[in-house]
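Chains as they are written, first to last, in the UniProt record's numbering: chain A, 1 to 154; chain B, 1 to 591.
Bear in mind the hints are in silico, worked out from the structure with no lab data behind them.
Watch out, some of these pointers could steer you wrong.
[Said to hold, decoys possible] Here are a few chain A residues that sit away from chain B, every Cβ distance over 10 Å (derived from the structure): (1) Asp2; (2) Glu10; (3) Ser20; (4) Asp30; (5) Val35; (6) Leu72; (7) Glu83; (8) Ala127; (9) Leu128; (10) Ser136; (11) Asp137; (12) Pro138; (13) Thr143; (14) Leu144.
[Said to hold, decoys possible] Cβ-to-Cβ under 7 Å is the rule here; a few derived chain A residues that face chain B: (15) Arg50; (16) Leu53; (17) Gly54; (18) Val91; (19) Gly109; (20) Val110; (21) Leu113; (22) Leu116; (23) Ser120.
[Unchecked claim] Far from chain B by the CB rule (all over 10 Å, computed), these chain A residues: (24) Thr14; (25) Val15; (26) Ala17; (27) Ala33; (28) Tyr36; (29) Gln48; (30) Lys84; (31) Ala134; (32) Asn135.
On a predicted model such as this, the values are computed, not experimentally measured, just so you know.
Every residue gets a Cβ at the ideal spot worked out from N, C-alpha and C, and that includes glycine.
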Amino acid sequence: MDIATILRTEAVKTVSAISSKKRLFHELGDLAAQVYGLKSAEVATALQERESLGPTGVGGGIALPHARLDGLPQVHGLFIRVEKPLDFESVDRQPVDLVFALLAPQDAGVEHLKALAVVSRTMRDPALCAKLRANSDPQTLHTLLTAQPRVQAA
Amino acid sequence: MFDAINIAVLIGAGLVAVSGITSLVSQRLGAPLLLVFLGIGLLAGEDGLLGIRFDGAGAAYFIGSVALAIILFDSGFATPIRSYRVAAPAALTLATLGVILTTVFMGVCAHYLLGLPWIESMMLGAIVASTDAAAVFFLMRVGGITIRERVKSTLEIESGANDPMAIFLTATLVEFAAASGESGAEMGVQLLVDFVLQIGLGIVLGIVGGFLITRLMNRLEDVDPALYPITALAAGLVVFAAAGLLGGSGFLAAYVAGLVAGNSRIRFAHRIRRFQVGMSWLAQIGMFLTLGLLATPSTFEGLTLPALALAAGLIFVARPLAVWICLLPFGFTSREVAFVGWVGLRGAVSILLSILPTLGGVPGGGLYFNIVFMMVLSSLLIQGWTISFAARALRLLVPPEPGRVDRVELDLPGKTELELVGYRIHPESSIAAGERVPRWARPLLIIRGGKALSIHNAGPLEAGDRVYLFGTPDQLPLLDRVYTRPGGADDPDVIGHFPLNPDTTVGQLSDEYALNASGERDRTLGDLLQKAFHDQPVVGDRLTLGPIALVVRAVDEGRHVTEVGMILQPGRNSIGRPPGFKERLRNWFER
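Isolated chain A, as found in the complex (with noise of 0.2 Å):
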């Protein structure tokens, strides 16, 4: 598995500012509706549900959220780079600017962590970190994000 099979073009998007974590799911959501025809509402409700279990933000300025859905086809990737970093209650509690999120089918559970294990490997490079936080075009963000050699997914 890599980034390509599950990161759209059309799913990548740079955003000025997002004023909360809230705000930011919904924009997740909205991008969702969007580039995979799935409920905006819908996964906004099951990013904000997953992260009662514990903050995604996986420190660095990443945040990684993700959640399983009903009546996908397979694994969806969403990308959004913040230009000014928003409070994601990370574990090093530095605000975040790099949202990679995952959306997997409800009977998905080992394509699911598979995926973020990809994504929260490849996301872990800080030299593609510094890349990514250099541009802002989408095109140029997807390119960057699927150049990735591809990682084992063993």
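Mind docking chain B on chain A? Use the hints.
Just chain B, lined up with the frame of chain A:
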């Protein structure tokens, strides 16, 4: 006469000074420092550059014993009772049964390899049966590695507690070897009586001594504070000698007394500790130098091969086997057992004990010294040099404490929870990038370019500034994150990919990730980990839960899990829930 004094001081102090200086070299090269001390002793000795003739086995044993008593008292003093809670049963099994098993295994090796009679073979086994406290303590702290607490505590407690056992066994066997003629049954009975007396008296006198030392220290009111540590150390040595005179194990008494005093509310504890660190160094240098001086490598001829074969037997067979048997009931993973087996460093204690046959009048006593000397050298070289490699290969590292430059525990009156901590601001930290410092993390004092500034006149903090502030122990991890590199030490394979609230229930987690957990759905993750690790969880403890694993990310002072991490795809590195004994046995055979 004055010349003689000057020459003795010149040589003695010169060697100690050279040893101290070479510690720098050894840090750069990663060579075990103790090996360097021993090497300097050898170089100065009979076959070395200075050609100093030193044949005083008795004097060497005397210096070594006092040095060892100091080291043991200090290692007890510095061992927090907390690590006993984590590791005592396993460590004490290793220190007792482990020593006996190693003695027996090595005895068998020696009997067949060297063709020595059984008692002498067992004596040789006992000489090399204990791991060296100095070597283990020291080598686990160099190389910038942080080993998982359970493993580290086990090794440290074992290394401190097994010396008295090995000393006892060796001394007894030396007596038997020197005074052959008693029947086996008589020997057995005497051994048992001696054992109970030595160990029992050693422990009891150590505890009593420890309490007395604490009381004494707390009673001394108007004494110059500089005299405290000296008095404490001298009192420790008094306990050592008194226990020995009364028929107990003085070494054990010194260790126990240190343990009791170090864990009591004792005045000027930090001052005493600092002094003891220095004394401990001096003792180690003294001991290794003396033993290096005593050795005469030109007499090793013909013994090299058997000694190396014995060393190999010790490193690759006797120690791992003894460790494996001892740790069987304690739920250690095979990686952890492998590491404990590997870190069986031998050191000065073994060399010291190998003088005993000579002193005790065992025929051909010099042989043991030479063989053991080479075995210890091999152990230091092979095991000492590979500790950090082994820990890395076996994935037993936890993230090091990030970037704290200073942590000063203050003897504050009243509520002593606060600690003064210092940080050097990391260039990649968010603070250096201009982030605002949270109110609870405001520094009291900022040191920039050699000047002390307050937060009011310093302006924004810069990379390289040193900041000092007070914090409670549970604030420290958060402070670390504020002032040091973001995410630098967080390897997800160690602390998890995602944080989870400890009060999340198993059911909630299972539903979120389709884990199909059936039982214990209402149990919280914190509680689950708490129970799985017998209420003594330590950072890094893992529990597999279907396709994911949970890991303890943080515990508070009361050993409650305060942060949980979730590891994706833990794969085969995972360490499961400590299973029942039978299950454990089965797992062993399946591995």
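Status of each hint after checking the structure:
no.	hint	verdict
1	Asp2	holds, 16 Å
2	Glu10	holds, 27 Å
3	Ser20	holds, 19 Å
4	Asp30	holds, 23 Å
5	Val35	holds, 23 Å
6	Leu72	holds, 13 Å
7	Glu83	holds, 15 Å
8	Ala127	holds, 13 Å
9	Leu128	holds, 14 Å
10	Ser136	holds, 19 Å
11	Asp137	holds, 24 Å
12	Pro138	holds, 25 Å
13	Thr143	holds, 25 Å
14	Leu144	holds, 20 Å
15	Arg50	holds, 6 Å
16	Leu53	holds, 5 Å
17	Gly54	holds, 4 Å
18	Val91	holds, 5 Å
19	Gly109	holds, 3 Å
20	Val110	holds, 6 Å
21	Leu113	holds, 5 Å
22	Leu116	holds, 5 Å
23	Ser120	holds, 5 Å
24	Thr14	holds, 21 Å
25	Val15	holds, 21 Å
26	Ala17	holds, 17 Å
27	Ala33	holds, 22 Å
28	Tyr36	holds, 20 Å
29	Gln48	holds, 12 Å
30	Lys84	holds, 13 Å
31	Ala134	holds, 15 Å
32	Asn135	holds, 19 Å
Figure legend: structure checked against the earlier numbered hints; every hint is met.
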